[in-house]
Amino acid sequence: MAIIRDIMPAFELFQPATTEDALGLLDRYGSQAWVLAGGLDSFDWLKDRIKRPSFVIDLSQIKELRGVRPLDGGVEIGAMTTLTEVVRDPTIREKFGLLAEGAESAASPQIRNQGTIGGNVSQDARCWYYRGGWKCYRAGGNICFADTPTAINREHAILGADRCVAVNPSDSAPALIALDAKMVIRNSKGERVVDAEDYFIGPGTDITRMTVLQPGDLLTAIRIPATWAGAHFYFEKIRDRQVWDFPLVNIASAAVFTGDRVDRIRIAVNGVAAHPVRLKEVEAAVTGKTRDAATADMAGQMAVQGAQPLRYNGYKVPLMRNLVKRAIRGVEEPAWAS
Amino acid sequence: MGIVEWAKSPWGQDVPIHIFWYLIWVSAIAGLVFLVGHAIWARYFAKPEEFAPGPVQVQASSLPERVARHSLAARMFHWVMAASMFALLITAFLPKVGVKFAWVQWHWIAGIVLIASILFHIVHASFFMDFWAIWPDRQDIKDAGNRLLRALGKPAPPPRRFAKYPLENKMYHAAIVLTGLSVAITGFFMMFRVRTPLFTRNPYLFGDMTWGMMYVLHGLAGVGLIALITIHVYFAVRPEKLDITKSMIFGTMSREHYLEHHDPERWVAGPAE
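Chains L and A are the protein sequences, given in the same order. Mapping the first sequence onto the working numbering, position 217 (from 1) lands on 217, and the numbers just tick up by one. Mapping the second sequence onto the working numbering, position 232 (from 1) lands on 232, and the numbers just tick up by one.
Bear in mind the hints are in silico, worked out from the structure with no lab data behind them. Note that the structure is a prediction, hence the values are computed from the model and not measured. All residues carry an ideal CB built from backbone N, CA and C; glycine is no exception. Don't take every hint at face value.
[What the hints assert, rightly or not] If the Cβ cut is set under 10 Å, some of the chain L residues that face chain A in the computed set are:
id : residue
1  : G141
2  : I201
3  : P203
4  : Q308
Make a model of the complete structure from these sequences and hints.
What follows is the structure, given as structure tokens:
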């Protein structure tokens with residue numbers, strides 16, 4: 001069980017200077033290796049002595065994994081770029097402000113200075129039963145302690161639960177999905193590019209992972225195409241306190257309007273399932289419609305169809321419904337002010 | 001490395017949680033080793049089958065050309081069960097060996113089909129079929145001893161021809177009953193741990209130890225089925241067994257096969273339906 005000792009168990013630390021070296025180490029040590037980015041997720045696991053990797057591969061010395069570069073009208077963001085760097089990048093702010101809003105809503109300034117975009121999208125679930133070291137489904141066991149009649153599950157999933165009811169806690173993930181970002185994954189055999197919405201997986205696919213990353217894989221960059229540059233964006237995050245908190249529910253949308261008509265739109269919600277949920281049916285339903293209260297109501301109702309709240313998280317259903325309505329209809333004041 | 005993986009319960013008890021999954025490979029390899037070994041034995045070492053003449057002699061001309069062996073209901077049960085078994089094995093073990101997909105829903109749906117087919121079979125076999133035909137009798141045991149002695153080169157009288165089912169079939173059936181009922185009964189209760197439209201989820205239906213034992217039994221029977229089904233498929237496609245296999249498709253076997261392998265006193269042949 002979780003015993004916070006603040007002293008990590010021994011492991012062999014590698015600090016490769018190039019991506020190739022990192023991939024070589026990952027190939028050599030496979031599932032025994034632990035990839036360390038900003039450390040905000042990793043150090044919790046290691047200090048609580050719940051995860052005990054034999055080899056830790058610290059990516060902080062790999063310069064090629066940092067920075068924001070222009071790419072075909074869009075941008076390529078190195079996976080080790082900090083959230084603060086993402087938020088402050090002028091191109092991102094100008095063209096893809098949605099991501100800047102999402103990244104800026106994550107945690108606290110100190111954490112954003114250290115935390116990376118790659119780590120933010122690849123972080124593990126924050127379910128306290130799981131983080132507490134209980135041998136639940138996600139930890140390889142045969143029970144979900146959060147989905148029992150007496151469990152404390154206020155922050156857990158209302159959609160897509162499959163044995164495990166943990167949610168994805170990332171704030172940048174829904175923004176990346178709305179922007180149709182591509183995740184660049186490398187391993188010793190080569191490179192593959194995965195759509196952001198396919199990067200995240202649910203427990204039905206693999207209950208012990210949040211992403212498609214397998215041992216040996218490394219997320220090296222995130223590419224945002226020009227497709228949604230300068231579109232109309234909406235991001236909103238609901239949390240218990242306005243600083244340093246994970247989302248209860250967040251929403252990101254990118255839309256192009258002609259007058260009041262919705263030409264095209266992408267919407268993603270997080271905090272409601274084990275992976276960020278892209279609302280494809282809602283997108284299809286509102287495309288071509290007038291952007292008004294009726295369309296927003298219809299979208300909100302549609303978004304929560306199939307929701308199965310647990311004992312303490314029923315509030316997420318109206319919360320998600322209203323966030324979708326606001327993403328369609330918009331609100332008078334800015335959704336997020338830094 | 002062991003058979004059972006253990007974990008600490010929230011109350012500090014050591015409880016089993018499931019089997020170690022390397023057993024999937026153990027079972028698969030065991031099944032393959034058996035079939036390779038048998039194929040070599042059958043090809044190079046097996047002696048021709050020899051049977052003692054039975055007390056009842058039947059004129060071939062008095063028999064129908066096609067002898068009824070499996071009713072339509074029995075065949076439908078077999079193939080429904082086979083389909084559900086394959087679906088269960090695929091959905092259970094492919095994700096464990098790296099083929100990732102959302103398997104749980106398909107797994108319990110296939111499990112429901114298996115349970116329904118087993119319930120049907122129990123009623124059908126108990127009241128509409130010769131229930132004891134598939135269970136070994138004294139003659140089977142006696143003949144098995146003689147066959148073993150003869151295979152070892154020891155003097156022994158030749159065995160009688162088989163009743164409706166050879167002893168190997170009966171033993172296989174017994175193994176499938178054991179493993180099939182184990183996975184079906186444990187699987188039924190395990191459905192209370194996941195969300196289905198059939199029951200209200202209740203992970204507290206049993207204690208942690210009972211649940212753990214249930215998962216272990218489900219896993220052991222499940223991996224056992226990998227070897228059993230591998231062997232079953234192997235025998236189904238062996239040339240000398242094709243008549244039996246075809247009878248599970250078409251319901252009948254040839255008069256020649258019947259007279260060559262089966263004892264008319266122990267299994268009275270009837271015409272096709």
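Going through the hints against the structure:
With its C-beta approaching chain A no nearer than about 5 Å, L:G141 sits inside the 10 Å limit, and its interface hint holds. Here the hint on L:I201 is kept, as its CB sits about 7 Å from the closest CB of chain A, short of 10 Å. Annotation: interface hint on L:P203 holds; nearest CB of chain A at approximately 8 Å, less than 10 Å. Contact between L:Q308 and chain A, as hinted, is supported at the beta carbon level, the nearest pair being about 7 Å apart and thus within 10 Å.
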